Amino acid sequence: MHFALSDEQLLLQQLAEDVGVQLFSGAAIHAAGTDGGALRAAAWKRLVELDLVGLLVPADVGGAGGSLTDACVVAEGLGRHVAPLPYVGTAIAAAAFLRVGAGVPEAQADLAAGGAYSVLLDERLGLAGGRAVLAFDWSPGAWGVALGADRAVVVDLVDEGPLDDVDPVHPLRRVAPVPTSSPATESARRAVAAAWTGAAAYLLGLADGALCEAVAYAGQREQYGRPIGSFQAIQHICADMLVDVETSRSIVYGASWAVDAAAVDEAERLAAAAKAYVGDAAVRVCEAGIQVLGGIGVTREHGSHLRLRSAHLHNAAFGGTDAPLAVLATGALADG
Amino acid sequence: MDLRDTPAEALFRARLRAWLAENLPVEPEPAALAERWPYMRDFQRRLYQGGWVALSYPTEVGGQGLGPMEEAILSQELGRADAPSMLPIGHLGRPLLSHGTTEQRTRYLPPLLASDEIWCQGFSEPGAGSDLAALRTRAVRDRGDWVITGQKVWTSYGVFADYCLLLARTDPDAPRHRGISAFIVPLRSAGVTVRPIVLANGDEEFAEVHLDDVRVPAENLLGGQTDGWRIAMDVVSYERGAVDIGYLAKFERYLRELAAHVGRSETAPDRAVVRGLGRAAGMVEVLRMHCLRSLSERANGGRPPGAESSIDKLLMTAVEQQLMSTGLDLLDDATHPHRHDWFDRYLYGRAASIYGGSAQIQRNILAERVLGLPRGPR
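First to last, the sequence lines map onto chains H and F.
Under my numbering, the first residue of the first sequence carries the number 1, and numbering increases by one thereafter.
Under my numbering, the first residue of the second sequence carries the number 1001, and numbering increases by one thereafter.
Source of the hints: derived by calculation from the structure; they are not laboratory data.
Bear in mind the structure is a predicted one, so any value in this text is a computation, not a measurement.
Be aware that a few hints might be false.
[As the list claims (entries may be wrong)] Quick partial rundown of chain H residues pointing at chain F, CB under 8 Å, derived from the structure:
#1 A4
#2 G36
#3 G331
[Said to hold, decoys possible] Covered by chain H, according to a simulated footprint, are these stretches of chain F (three or more residues, beta-carbon under 8 Å):
#4 1004–1016
#5 1247–1257
#6 1277–1283
#7 1356–1363
#8 1368–1375
The beta-carbon is built from N, C-alpha and C at its ideal position, and this holds for glycine as well.
Take these sequences, add in the hints, and give me the full structure.
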């Protein structure tokens, strides 16, 4: 047993971090909701060139043939910078769904080359509704990807207009209803587990970014003649954020390995734990980060609200915490 | 990332699993500590004789010469087999291993690891809890002996112990962290009085230890005279690991017990059960993965846990307290036969955020030593 990223994955981590810093620092992120998609399109093109979009697309159909851990390393790095990109919805969830059963090779190849694919969810952002009406991580002209019982269906979407939900940088779109079914085969269950783990990885990055900002601010902001980070009241908030971030990292990377390599029950259980735990933890950490920043943290101008908005959206995606908790509870009852 | 067993690990696991199938006690673990202690000690001795204790200690002191990953496998298999709890004192051998002389290691480690001699740690005092370096127990050199006077408190398993790893001040003029030494004190020595402290759940797990001119020979000093603080920090960093003290396996067993208690009803689980049990099960998975990561880092780095072990402690505390609270929520029928036991476990769980460095001390450590925030007033 060996629980650590490989040297290649550490390089990938650095690459994702560099991309995040170059493309999304400072004011750029605020433009994402209002620039007509220019930043998104340019950044996505860059990720395609770096072979980061097709990580979950097998090499024999034109992808990079990477592991879910590779994709999670990238999602975490992008989350740290609140990247306004459909990485979770397209590069992880849609790509994982398109692998189910015999796979959908043309769509997989197109996705890896930068084609727009959006996963379809029910009105509560779940997968179990029997009827998908929302496109998650939508891009203009996107194909819809719905998960059936044993295969993915690629749909030419009937666009019914934007949905103004909580997160302006990860658009949801209303679409004409598409029938779906609960995943029934092992390969469909693994695809859902991949979506849960990918969302958890992005949430982990969001939380880690909030922690970094809070610690940097607490070290330089002075009150009562000393840095506020020297007060235990602030230190303990930051320490709790650290515990949430590091324990989230453990379950995300453990689950990412399991979804690819462990028996399906264990894969599903660990992915469920990642989604439920990290979803709660990331919202908690982003809220705490705003508390440490004080007044500046609740302004429109500062990026903290975008981070918190993104945390809520990704926590809600793919069945919120209830769907994974049901998997965990059912497993525990079967063991008891 | 590869969480599969290597061939050697798989062989180890298979042998262990086969051994456990033959050697688990048939009687259930008693609830009260007075009966539970001999039960746990018997099983621990049997484990040791089977070659399953002290896996990552060297063979010359009675260990198995393996690594942290075998410790992880042991924890997984004990949990899976519903084995009795391990004695949570194995980490007390660590300072003997790292700071003991050859004579001390040879004399004390084999019986400690075999559970033939039970050890406790004499750190906290009435006036030195979170501020451990304020301790006032004194040791004064008198020819070939040290003469120790003072009082220790919250000494876990003190009433069962034969030896105490005790901190005492040997240089009152030195800076306070530098004036502390660690001693090996036989609890049968003249001048030692051990009084049990009854916990809220009725267990006599803690004790106060009074030392009144207790003489120990000079060779009972552990490490150098100024090493006491470092030794104490070594001990507590191991005490923060859920695998090191056997708690991961214990929580897995408790979770299965709780699931069995609430799963008896014929109806489909309601939302409270799904959310409560699901969250508790998820947290146990998080702890399992975090322990694997920490032990993997220990195996690769070859060094003892550092300040980050406070993360492990805070997680372990959160898992225990959440599991116990969930048990109370779900066993809310006052006539449920297991409600009383769970309430006792819940009460015991309140100690998790106090012992081994309170949750607040762990946060201080993380803030200053891991996050690098400026040191503040205390």
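The hints, checked one at a time:
| no. | hint | verdict |
| --- | --- | --- |
| 1 | A4 | holds (6 Å) |
| 2 | G36 | violated (40 Å) |
| 3 | G331 | holds (7 Å) |
| 4 | 1004–1016 | holds (count 4) |
| 5 | 1247–1257 | holds (count 3) |
| 6 | 1277–1283 | holds (count 7) |
| 7 | 1356–1363 | holds (count 3) |
| 8 | 1368–1375 | holds (count 7) |
Checked against the numbered hints given earlier, the structure breaks only hint 2 and satisfies all the rest.
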